[in-house]
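Colleague: Order-wise, the sequence lines are chains A and B. Quick note: the first sequence uses numbering that gives the first Met the number 0, first residue 0, plus one each step. Quick note: the second sequence uses numbering that gives the first Met the number 0, first residue 0, plus one each step.
Treat each hint with caution, since some may be false.
Below 27 Å or equal to it, Euclidean Cα-Cα: the simulated DSS-like pairs (lysine-lysine) are [claimed, not checked]:
| id | chain 1 | residue 1 | chain 2 | residue 2 |
| --- | --- | --- | --- | --- |
| 1 | B | Lys229 | B | Lys109 |
| 2 | A | Lys135 | B | Lys306 |
| 3 | B | Lys95 | B | Lys85 |
| 4 | A | Lys135 | B | Lys229 |
| 5 | B | Lys306 | B | Lys20 |
| 6 | B | Lys229 | A | Lys119 |
| 7 | A | Lys174 | A | Lys184 |
| 8 | B | Lys95 | B | Lys109 |
| 9 | A | Lys184 | A | Lys119 |
These are calculated hints, taken from the structure and not from any lab test.
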Amino acid sequence: MKGARAVADVILRNISKRFGTVEAVRELSLAVNDGEFLVLLGPSGAGKTTTLRLITGLETPDAGSVMIDGRDVTHDPPGSRDIAFVFQQYSLYPHLTVYDNLAFPLRSPARRVPEPIIRKRVEQTAELLHIASKLKNRATRLSGGEMQRVAIGRALVRDPSIYLMDEPLSSLDAKLRAELRLELKRIQLELGATILYVTHDQVEAMTMASRIGVIRDGQLLQCGTPREIYESPSSSYVASRLGSPQINLLPAHLLSDVPVPPGTETVGIRTEHLQIAARNGGRMVGRVHRVEHLGEQNHVHLDYKGEMLVTLADPRQPLQSGQEVELHLVHPLCFDRAGQRIPAMVH
Amino acid sequence: MTAVLTKSSAHSIVEASPRAKIVAGGLVILYAVITILPLLWIVATAFKSQSDAIAYPPKVIFEPTLEGYVNLFTVRTRQTPDFIAKLPPPETWYDKLVRQRDMVIAGPSKVVPRFVNSLIIGFGSTFLAVFLGTLAAYAFSRFRIPLADDLLFFILSTRMMPPVAVAIPIYLMYRQLNLTDTRLGMILLYTAVNVSLAVWLLKGFIDEIPREYEEAALVDGYTRLQALRKVVLPQAVTGIAATAIFCLIFSWNEYAFAVLLTSGEAQTMPPFIPFIIGEGGQDWPAVAAATTLFVIPIVLFTVLLRKHLLRGITFGAVRK
Ligand SMILES: Nc1ncnc2c1ncn2[C@@H]1O[C@H](COP(=O)(O)OP(=O)(O)O)[C@@H](O)[C@H]1O
Ligand SMILES: [Mg+2]
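Bound-form chain B, shown alone (with noise of 0.2 Å):
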């Protein structure tokens, strides 16, 4: 029993050989670049003209266009070039970006609704995933519960299925309270699924932290929850943080049940973008700008938590 200084970090003690270093830093680079790559694909996708989308051979350098974010946000129809030279002039840029194209604006396209489900469900089923899993965690962590084992696999258990499996009754179900296509049925369904794995998670963490920090709160006056407030969700932080990542990663890209259950009011993001492939022809440009926004949320997500994540390394550096 020594007590650890900080200077200390959780892998080797040994300095790395400037060799070392540079293979290393080489494969993180190169592993980096082959994961982005796609990625990166997408988003200038986003900004080519649809001819140049299909290119072939594809074309990297190419004049950027914002035809694919007009065509997603828009519904437009195709009008004979006469009738288009009737209208009065076109009063914004993207009004005359479609015209170019012979059509006019109809109307707004469901994109930003769609999105905006798809913060709610999912931002909701995590928070309440992570909420309820962290109730459960500590339960399970610090109470002597009855057949607690046997509670703790059945919890598992339910993530054992595939989807598909449930899929009818569920669907029977949903329609049975009346929860399909809602935002609360998404909800309530993608929190059941992810709590288990929040349950898990959060009870490994939560053992790591060692009673004695509740109980000296209990020796001096705190009560049980405000001991939990205070002392234990602060070290679980991390804990928190990655599994909110993961319950939200869950139920952000969630395709499956998000077909079967919703098509319209309630409808996510993930059966939403297929569904523009099919509107007039193959707007990919129009694709690769929802996948673009689609992605942009879990990435700003994970790196406003990333802080936490990194920190957890230095937890329960105190007198191992």
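Here chain A stands alone, though its shape is the one from the complex (with noise of 0.2 Å):
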């Protein structure tokens, strides 16, 4: 349906919008390339929404500017821009049927495409999100499973230069998130779409993620792969959005025998970075507090020095609530005062 693409598809530049006194979206630049999986994640708050409306049109933004394609469309209307937007809520009208629903965006009268060929991109659609059989249904007669399907059909069936969706997993429940999740994957593989994803769910942006924007009060802090992210963050607020347990944050004064960077105030200690092992002579004496069983993993809580310490262990590792542990620390994340990263030194 569609000649070749530009490299990258959209362009924000500097975007901002404020509503009365909340800045929304602050500054913002970002590109999203041709074929690319960019997800945005912040939590519930921090201006995604919003950035996908200022994108869409259906907000102007009160300086900066919106490229689709090479264009500058920033005062365009919403229906000239190209673009499939999943909304976070009310993505299906009640008064249609699946098969309406799916049909809805080809039949606009800006579009005019014939029946027959919207027959065809409907029964597609419907056959890769396996809802085929539920066509003749009304929207209301569905799983939440089959709507949120619906409601990503609704934006697959057109071709448009980028799909937009806000949040669209977040009301299912976690085992259809995590069939849905690779489904989404590899339907955009697939059809070679770009898509720009938000959510509040890490485990969503590192799994389907082809880069990674971590936004906050409507400012994008870092963009880049989920393993950039992850393992080199920009600061210690990034390094707390990606991993499982969360980052533990340590005040460097409490460290002994590990070499910090001068300026650091905070270490970032992941599980990976840190080892627990029987008393040794070692300088870093924690106390396990609790130890959560979760099957093939042990939670471990430490209490280090006062402050609590929460990484993995192998379940069977030995480890009794009370009992002295040391702890080894390997190339941990440094931070400034204000949380700014610090390269590690180099050993």
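Put the complex together from the two separate chains, hints included.
Modeller: Now the structure itself:
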């Protein structure tokens, strides 16, 4: 349906949007590349939805510009931007059947797709999402998972420059979410689609994204591959967004025996940065506070000089609460007073 | 946030006990009987003879006659039995019926044109009020309108005055504009009164429809007007039906303005019905017949729209 595409499908340049006194988006710049699955990760209220609405044109930025396929569309109406949008809520029309819901975007008077082609596209999309048997159902007669498939399908029937998805899985239970996560990634690869996906769920970000952008208070803090964000977060906040259990942040002055770069205020310790061993003369000694058995792994809560550290341990490792253990740090992350990352010293 | 499946109803999840169901059912039936009894009495009276209609104690069992309906639809003159005997034999059953009472039919009565007036004015003003009300309510609900709250209050305040208070100014205005005793005048007047109600009711319903529905349509390339038609209106159908019923009931039953502003051409049924009473004694069966006919359209209209009213309950059951 479309010719060659520019390298970056969507470029945001310094866009800002305020609602009254709330600065929902601040000086945000972002480029979504062709064929990429970019996930914006941030807590509720971070400005994720607003960012997507600015791209669609449902909101107009106070400053900055939006480019789509090399065109400045900052002041274009939503309909002319060639975008498909999956809303966070209310994505299906309750008065229509599944088929008509899926056909709705194609039946737009601006698009004038002939009915046989609509039927083909709808059937293909339903096939792709495993909802082909539900086409005749009313949109209200579906399970939660099916509704979300249809909601995503309403975007996939089209072939836009970019698909925007606003937490499409957030209302589902964990099992369905895991299932749809995989499928969405499969579909994206199959179609070679460009997707800007918004979520507060780090697992979704880690599993689906080709790149993650971490957003907080309307600002983009860091953008990179999941690995980059995980391994070299630019700040302690970004570090705390990814990884489970969450990264342990320890005041640097509590450490002994661990060389840290000058200016380090806080040390970030993930599970893989921390080794636990029986006492053997080491200087960092902690006490096991509690051991949670999760089956294949144990969550170990350690008390170290009044700070609580949480880490994973092999269930076979014999640990009792109250037991004293030796802690060894391996290349922890170092942060300055402002929470910004300080590159580790070269050993 | 959970996906709500359709089995659940708007009411309690707990199944009522059989005893509670019987009591509730009994109360509903009792209420229905109490409210429907006067109506049934009117329907029955329409089929009584004049003497049965005023018999005391009231007659529940009687010999039905169509005299009431015949009297309603005709104008008759009283004649001497000699005169009637000299006439050629009656051509129709109703001619015969009338002659038994020493009368002959002089022509049709005004009931049909009056009924037509009621239909045109009632449905015309209802359509206009709902149409304008929907557009205004949509605008109030979706757009940032300066002084929206004050405007809405002003719109409501037009309903606070009793008709009597504005009767004289409106009468003078209408005379000046040559709108007295015209259907157009009555349609405009009832529309003006109803539109305030329509705006308020419909705004409530449209507020309930998430904006995301229209926004999705906008992103998909629909214009705002198309989105209104394809997305908002189908979901506001409940509200529109309810509003239409309220508007129709008002304009159908309206009496004060109708008496004041119509006398001939545009007279509606409410001022016409009491006028029957005075014609040649108290003709209760004819009045009852007129009342029966008068009630039918509104009952039909309500029954027709009932489906939409009930269906409204399942709306919004998607991802709450
Ligand atoms: N239409 C609006 N009017 C006023 N405030 C808004 C509006 N939309 C969003 N906001 C505010 O902007 C901030 C960002 O909101 P949003 O983009 O919805 O965040 P997220 O999607 O990341 O949860 C929030 O503080 C929210 O309250
Ligand atoms: Mg949001």
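Colleague: The structure should be examined with respect to each hint, and the outcome stated for every one.
Modeller: To see whether the hints hold, each was checked on the structure:
no.: 1; hint: B/Lys229 with B/Lys109; verdict: violated, 44 Å
no.: 2; hint: A/Lys135 with B/Lys306; verdict: holds, 22 Å
no.: 3; hint: B/Lys95 with B/Lys85; verdict: holds, 14 Å
no.: 4; hint: A/Lys135 with B/Lys229; verdict: holds, 19 Å
no.: 5; hint: B/Lys306 with B/Lys20; verdict: holds, 24 Å
no.: 6; hint: B/Lys229 with A/Lys119; verdict: holds, 22 Å
no.: 7; hint: A/Lys174 with A/Lys184; verdict: holds, 16 Å
no.: 8; hint: B/Lys95 with B/Lys109; verdict: holds, 21 Å
no.: 9; hint: A/Lys184 with A/Lys119; verdict: holds, 23 Å
Against the hints set out earlier in the document, a violation occurs for number 1 only.
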